[in-house]
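Chemist: Residues per chain, in single letters:
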Amino acid sequence: MEEFSVRTTRKFQVIDITAKVQEIVKRGATPEGICCVFAPHATAAVTINENADPNIGEDLQEALAKLIPEGIWRHDRIDDNAAAHIKAAIVGPSETVPVKERKLMLGTWQSLMLVEFDGPRERKVFVQIR
Amino acid sequence: MEEFSVRTTRKFQVIDITAKVQEIVKRGATPEGICCVFAPHATAAVTINENADPNIGEDLQEALAKLIPEGIWRHDRIDDNAAAHIKAAIVGPSETVPVKERKLMLGTWQSLMLVEFDGPRERKVFVQIR
Amino acid sequence: MEEFSVRTTRKFQVIDITAKVQEIVKRGATPEGICCVFAPHATAAVTINENADPNIGEDLQEALAKLIPEGIWRHDRIDDNAAAHIKAAIVGPSETVPVKERKLMLGTWQSLMLVEFDGPRERKVFVQIR
Chain A
1 MEEFSVRTTR
11 KFQVIDITAK
21 VQEIVKRGAT
31 PEGICCVFAP
41 HATAAVTINE
51 NADPNIGEDL
61 QEALAKLIPE
71 GIWRHDRIDD
81 NAAAHIKAAI
91 VGPSETVPVK
101 ERKLMLGTWQ
111 SLMLVEFDGP
121 RERKVFVQIR
Chain B
1 MEEFSVRTTR
11 KFQVIDITAK
21 VQEIVKRGAT
31 PEGICCVFAP
41 HATAAVTINE
51 NADPNIGEDL
61 QEALAKLIPE
71 GIWRHDRIDD
81 NAAAHIKAAI
91 VGPSETVPVK
101 ERKLMLGTWQ
111 SLMLVEFDGP
121 RERKVFVQIR
Chain C
1 MEEFSVRTTR
11 KFQVIDITAK
21 VQEIVKRGAT
31 PEGICCVFAP
41 HATAAVTINE
51 NADPNIGEDL
61 QEALAKLIPE
71 GIWRHDRIDD
81 NAAAHIKAAI
91 VGPSETVPVK
101 ERKLMLGTWQ
111 SLMLVEFDGP
121 RERKVFVQIR
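Chains as they are written, first to last, in the working numbering: chain A, 1 to 130; chain B, 1 to 130; chain C, 1 to 130.
Do not take every clue at face value.
Put simply, identical chains are the same to the list, so a pair is met inside one copy or across any two.
[Said to hold, decoys possible] Straight-line Cα separation of at most 27 Å, BS3-like style, residue types lysine-lysine; simulated pairs:
#1 Lys11 - Lys26
#2 Lys20 - Lys66
#3 Lys66 - Lys100
#4 Lys124 - Lys26
#5 Lys103 - Lys66
#6 Lys11 - Lys124
#7 Lys124 - Lys100
Don't read these hints as lab results, they were simulated from the structure.
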């Protein structure tokens, strides 16, 4: 398993991690298989979508903010980030992508994205290929 | 890795792809393992649910249409399909299913489904078993 | 592939299954790889989030109940659990977690959770490591 870090700089952010994951896939021991990209965090997530227009990341954050408002949940009485936990549970901490000839088989309009719901923070991403 | 195509015929559609994936699993080199089913698209997704009543696919589309309305997002000023991108990012482009004795270990009421959010289009599905 | 059962006791419930999955990983044949945790059900799901405060599970259920109300869907005319199906399709039946030195590489605040949307029921969980 390999890992790298991403420093987020805002509370809500979507960061393209495709190049970092592809670099690991390229020099990995498994030319063909399944690549699991996993964020070991409870208030961040990993998703896949278009990054050619970075507005899509902003739109995703805005849509989730409308659906899961802040400050109205049980966990907010303990720690002020329940909405971040709920969003992370729905979007999910991982994506699994086929690998062929040492390449992530993403579509033309797909990028791997780390989704920050409670930044700024230092985040880790684990990459395991089998 | 194997792949097949699905032609969607409506803007919003849910298409059962279980038989096509099972056929690939059956003639594959891996009798026991993990099957990754991946749609290389940013406005379609893969999910698993009941297909015995096809209304469930319609209900899923309607629920997502209510939660993520059309035409109010930043990306809509560039391309008129931001809602499709947001839905695809939330549902996700892949599912990972255990394989045993060359069979997808789906439950009785589970089918693999391609979820179209911006059709009609020609869609691809990648299947990688490890 | 290994499996275990979980008996849910309420209609909506979130049950921590980390210890059971970790036990399978520990005695498995694959010290390093990818672990697929899969619920073969159409009205339950698997997710990952914090369990140190069990309120987060309650908050997740309440958030989904607000977003996907009961009793207004096509499938409700056939079987009274359409909302459970829609929620299960959105959260998804599986999670994929990297394994290293026979350990699930979950973060400090991450637990694997079975999410019941239509209990009480006997639920199965499949675990496949590759």
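Chemist: Each hint: holds or not?
Modeler: We went through each hint and held it up to the structure:
1. Lys11 - Lys26: Cα proximity of Lys11 and Lys26: none, with 32 Å in one copy and 37 Å across.
2. Lys20 - Lys66: Answer is neither; intra-copy 31 Å and inter-copy 36 Å both fail.
3. Lys66 - Lys100: neither (38 Å within a copy, 38 Å between copies)
4. Lys124 - Lys26: both (20 Å within a copy, 24 Å between copies)
5. Lys103 - Lys66: Intra 36 Å, inter 37 Å, cutoff 27 Å: neither.
6. Lys11 - Lys124: within (16 Å within a copy, 35 Å between copies)
7. Lys124 - Lys100: both (25 Å within a copy, 15 Å between copies)
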